[in-house]
Amino acid sequence: MYRYDDLDQAFVNERVAEFRDQTRRFLAGELSEDEFKAVRLRNGLYIQRHAPMLRIAIPYGLLSSRQLRKLGEVARRYDRGFGHFTTRTNLQLNWPKLEDVPDILEHLASVQMHAIQTSGNCIRNVTADHMAGIAKDEVDDPRPYCEIIRQRSTHHPEFTYLPRKFKIAVTGSPEDRAASLTHDIGLHLTRDAHGQIGFEVLVGGGLGRQPILAQKIRDFIALPDLLGYLEAILRVYNRHGRRDNIHKARIKILVKSLGAERFREQVEAEWQAAREYAPRLEATEVDRIRAHFTPPAYETLRNIDAAAGRTPEFQAWYRYNTREHKVPGYRAVFVSLKRHGENPGDVTSDQMEAIAGLADRFSFGLIRVTHSQNLLLGDVRQDDLPVVWQELNALGLAMPNIGTLTDMIACPGLDFCSLANAGTLGVVKQIQQRFDDLDYLYDLGNIEIKMSGCMNACGHHHVGHIGILGVDKHGEEWYQITLGGSVNGFSALGEVIGPSVAKDDVAATIERIVDVYRAHRFDGEEFIQTLRRVGIQPFKESAYATHSEAA
Amino acid sequence: MRRILKRHEIVADTWHLLGESAADTDPVIVPLAELRKDTEAWLARQGPLGVRLAPAESVESLADVLPRLALVAVEFPNVGDGRGFSYGRLLRDRLGFKGELRAVGGGVKQDKIFLLARCGFDTFELPPTEKADEALRALHRYDVVYQPAEPIEGIKKQRYFA
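So the sequence lines, in the order shown, correspond to chains A and B. Read in my numbering, the first sequence has 329 at position 329, and its numbers run on one by one without any break. Read in my numbering, the second sequence has 16 at position 16, and its numbers run on one by one without any break.
No wet-lab data here; the hints were simulated from the structure. One should not assume that every hint holds.
Unchecked claim - In the DSS-like style, the derived pairs of lysine-lysine whose C-alpha atoms are separated by at most 30 Å in a straight line are:
#: 1; chain 1: B; residue 1: K131; chain 2: A; residue 2: K37
#: 2; chain 1: B; residue 1: K156; chain 2: B; residue 2: K6
#: 3; chain 1: B; residue 1: K157; chain 2: B; residue 2: K98
#: 4; chain 1: A; residue 1: K503; chain 2: A; residue 2: K540
#: 5; chain 1: A; residue 1: K97; chain 2: B; residue 2: K131
#: 6; chain 1: B; residue 1: K157; chain 2: A; residue 2: K165
#: 7; chain 1: A; residue 1: K248; chain 2: A; residue 2: K429
#: 8; chain 1: B; residue 1: K6; chain 2: A; residue 2: K37
Computed from a predicted model, the values in this text were never measured in an experiment.
Isolated chain A, as found in the complex (with noise of 0.2 Å):
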């Protein structure tokens, strides 16, 4: 992974130092709300319902054991002992001190960890495919292009206080694993027909109240332009991005009202126009990142039947939880954050620090954060995948659910948000109850259940192939459904199926939906392809049935 030169470091340190002054500042009256809140969401830092949250970077995804076990400490120390990993693959604390965030950002400096443009209205942590590196379909590893852009985008004079919030998603497979449509831009890895590097360029995804997918403005930008072209658009947005409301102010919605094609023309006659004195990236400096991310010093090993002879447990848990690698005798193996009873997402500092600890035994000391807000060793021996299994048994992470519809993303929603509408993590616990056997999770199949506690939609109910948003109805959660979302393969916005359900009715009524899908499907179809091939009327009919049903 990417170490920091003394560059990097000294960045973070001036870094915090800046944010120590400012907090100071701030506690001493010297800085308004307003400017205390532009330089603190810089930070990471939100003022949340019950307490500060603390959002921490954690650049596409990737972690040293040393960084998990900071994060731990840090957690325990500062916190209530666990965080919480988002769809972006950053962690939130949701209860730290206001006054102890410039100790604890000190803490990651010393990991080469920061938390800085985790919010505000600026270049957001850029994300990537948990398989990076290790997928056998892969273009090329996405890993270094965002270390570039994460260096690129830090601190930016002329992009640090744009319209709105602006996130890049980059991936290097056919397979989109990194939700990059529902990104301000999202860059596909690509080749020319020289077999040169570039990239493919989408821009203008984005959730929220107003969902939409990026649309494709070009079909390949060369390596060496890529930073430059980034540039042009992000100028375009950044002088004529909506200011007036807060709610339009995403690069969607001027992509939206100018139409895919005028931006092209934009920002391709600003490219045009910057081109002789645009940053170019220079192959040396490619080189120098890319040698960060040389693959680790793997075994010559054959490929072995892991779970022949084993435990149906082990079985299960093989099947759902550990995921093709493109080495011989290696596999990819998910820690499941998605155990019944808990919060999706939710890691306890014990668990960190074991998890620390199984990175260092069995996959080259590197942890992977994924999009669906779970954990990945990226490279595990196959013959070490029983003891794997034991250990992450013991610590509660190896819930073999990985892609089932209990595979749930959330929002941490009203208990903690101060923007939510509605509770999430109840519904999650009442749909982990009702579908709480393993046999029925795995005859449904692939079912991606996301949910959000409000129109924001960090929990992308929008594009999950069953959404589900809480609203707000006269002082009660109610929560609205859709079906038919998704973000890999066929991308589209889910649709309101009709009329939000109670909050006690929720599961049942997802109970329902499944159930039709039970009805339709032909041998060996998944649930998103029966939904497209009979459409949503049916799914519509028998998810209000029997309404009075208690969950």
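Chain B: place on chain A using the hints.
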């Protein structure tokens, strides 16, 4: 008295704003809209001429008068409006403006000054609430940067050279 932060010092403003009494030889800053009411007359005056650009105005529209301008004042009306950062870069990089580039308005706070300087601003009109010594220090808050941008004094390490 308007306080202007320059590289190493804070000085009283020597420029006059429109409406403040000034001789024809005095330096005057005119809002762009005002200048456009009678461009020729303004360009013909004897003293140095500056223009004030609001966030919603087009920086490119200054092109025809730019050679005559000794100063461009770009407005930052509040904490969040960052359009002026792009105007700074464009004035320096694309329009070739070599004169004084001044950041003005309620949004010119010490926490932005370093970035403004990196976008080509060389003077800053400090709001009354800003502390002079802190604003001076803020100009040199960082000595490492990740972008080429404007090579301001005090930067020791820079990842790339444009």
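These are the hints, each one checked on the structure:
The straight-line distance between the Cα atoms of B:K131 and A:K37 is roughly 19 Å, inside the 30 Å bound, and the hint therefore holds. Restraint check: the Cα-Cα separation between B:K156 and B:K6 comes to about 20 Å, which is no more than 30 Å; the hinted pair holds. A threshold of 30 Å between alpha carbons decides the hint, and for B:K157 with B:K98 the separation of about 25 Å falls inside it, so the pair holds. A distance of roughly 18 Å separates the Cα atoms of A:K503 and A:K540; the hinted pair therefore holds under the 30 Å criterion.
For the suggested pair A:K97 and B:K131, the alpha carbons sit about 27 Å apart, so the restraint of at most 30 Å is met. With a C-alpha separation of about 28 Å, the suggested pairing of B:K157 with A:K165 holds against the 30 Å cut-off. Proposed proximity of A:K248 and A:K429 is contradicted: the alpha carbons are some 34 Å apart, above 30 Å. This hinted pair checks out: B:K6 and A:K37 have alpha carbons roughly 27 Å apart, not beyond 30 Å.
Comparing the model with each earlier hint shows a violation of hint 7 alone; every other hint is respected.
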